[in-house]
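All chains, please: the whole structure from these sequences, using the hints.
Chain order of the listed sequences is H and P.
Here our numbering is used: the first residue of the first sequence is -15, the next is one more, and so on.
Here our numbering is used: the first residue of the second sequence is 562, the next is one more, and so on.
Honestly, the hints are just simulated from the structure, not real lab data.
Among the hints, erroneous ones may be present.
[What the hints assert, rightly or not] Among the chain H residues that face chain P by a calculated CB cut under 7 Å, a handful are:
#, residue
1, S48
2, S49
3, N50
4, A132
5, N218
6, V219
7, L245
8, S251
Using N, Cα and C, we set each Cβ at its ideal position, and we do this for glycine too.
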Amino acid sequence: MKNKNTRIDNFFRKFFAFFAIMAIILLFLITIYIFLKGIQPFLPNNKYGSYNFWGFLTGMNWNSSNKEFGIFYMILGTIFSTTLAIIIALPISLFSVVAISELLPESLAKFLSSTVELLAGIPSIIFGIFGLIVIVPFLNELPINPEAQGQSLLAVAIVLAMMILPTIITVGEAAMRAVPNSFREASLGLGANKIQTTFKVIIPAAKRGIISGIILGVGRALGETMAVLMVAGNVGGGFKFGQGNEFFFQGIRPLTANVGLDISYASGIELQLLFSTALILFVFIFLLNIVVQYVSKGGKYGK
Amino acid sequence: MKKISILGIFIALMLSGCSTTNQQIISTGGSTSVQPLFKEMMDDYMSENLDTHITYDGQGSSAGITGVINDKYALGTSSRNLTDEEKKENLSSDVLCLDGIVVVVNLENPVDNLSIDDLHKIYTGEITNWKELGGNDSKISVVARDSNAGTREAFEEKVGIKGKMTTNALELSSNGEVLGTIATNKDAIGYASLGEITNKVKLLSIDNVKPSVKTITSGDYEIIRPFLIVYKKEKLTADTKKFLKWIDAKKNLYAEEDGYIPLNGSINEK
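Right, here's the structure in full:
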């Protein structure tokens, strides 16, 4: 009897391990595919002629008629729109996490947190349409907008902020709830009030979880394509620093938008370089994931 | 046991759904601009010929032509002329109809007419304010299509701005998005296909010629492009030939109905 059970256990161990390995194989295949496709245009024996990798990485224009393909201004667009989205989303999500997990009565908190989950389920194209018909015209009409249009860095940041809110809130809330009640009781027992307890005890204790939530949000923002494509303007080059509001209201072309915009049309070396753009994006997200692993590894209540 | 029998019924149903009748499949694809007109024709053709099933893959003109070269599509559509490189591939192309590319601005914009030279200066970034063109004192928002769109290629060729477009221009992914942006932005200028124009935007005259079916037919309005059907003559099957023949007979009727410009007589570009 025992022998039979061991056999069954063994069989199912292998059976489930097979499916677990499939996910790894998939990741491995995608990585290899993107990598091989992405480095193709820089190889000396490429059939459409080789493109200078340094020129690709540092170029400030994407102009297919002139065979000029630079993505540095897209990297800047991606980095700054994501950063700005986090700056917008962080206070909102942090305060709602505090409200949901610490301050509000249970029933209201439950309602709020399921509403947030609903927000997470809205497809990105809907956010894109909302951005295009509400946010873009609104920004266009703003008197402080020095440009003649609303498609801009700021529009992208606002749309992304809306999309990453649920990620940060859900992960942050779980982290705050995971803090043992004894922490709260000890703090309250020492005479601290609820707000002091929350900000001086609970948030520091849940810090790692909250930071993981933020990084996951960054990941989503970096990879978002459809909604971004609709509000970014997808300009052909350049990035303006400083010069007052121009920075916020300039049109940008994030890395994802570049791939999404042209992948179905492009041919020849441009198509190959779109894969290279995807490779750069892949590297960004890969690095980010290493950071996530590093941050979340340090124990539940780390400093 | 009951569950198994239900499962059996499901499987039987699924299999019967898959069972192939003798339907002929013609796969086509290409320009998003040609898509509405072409789809209408193929839907009507399919309802007349139930034994034929036609698919259309709206991926853009370049994709349509490449698809024919790679034998992915039996027929490809294009909203621009073939490039010199594509012409080397021994393709045949029939003109379906002509289409005007029109320049549009917001309804509130007081400007009614621009010259080709003005367009050149706007799209290369030499003129950046409507004031210089007799409009309001406000910046121009230049709206264009993504770099491989047939509409953009045809427009850039006619205005002579290939590779010279200002990097401030917005590059949008469909003509519909262009029209939507123009309708909501009072400083924007863009271009789209004549057949797609709605009354929410204002059509500009170019060199004092108002774009219309009439002025395009007479040759007065010059920013035009052909809608092409591309194929490899030696690879045509009997069904595809029959469909092409049907298109040739009906194309002027459909073109006229949809606001495109029919060609008189069938022109065969080789």
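Quick check: which numbered hints come out false for this structure? none
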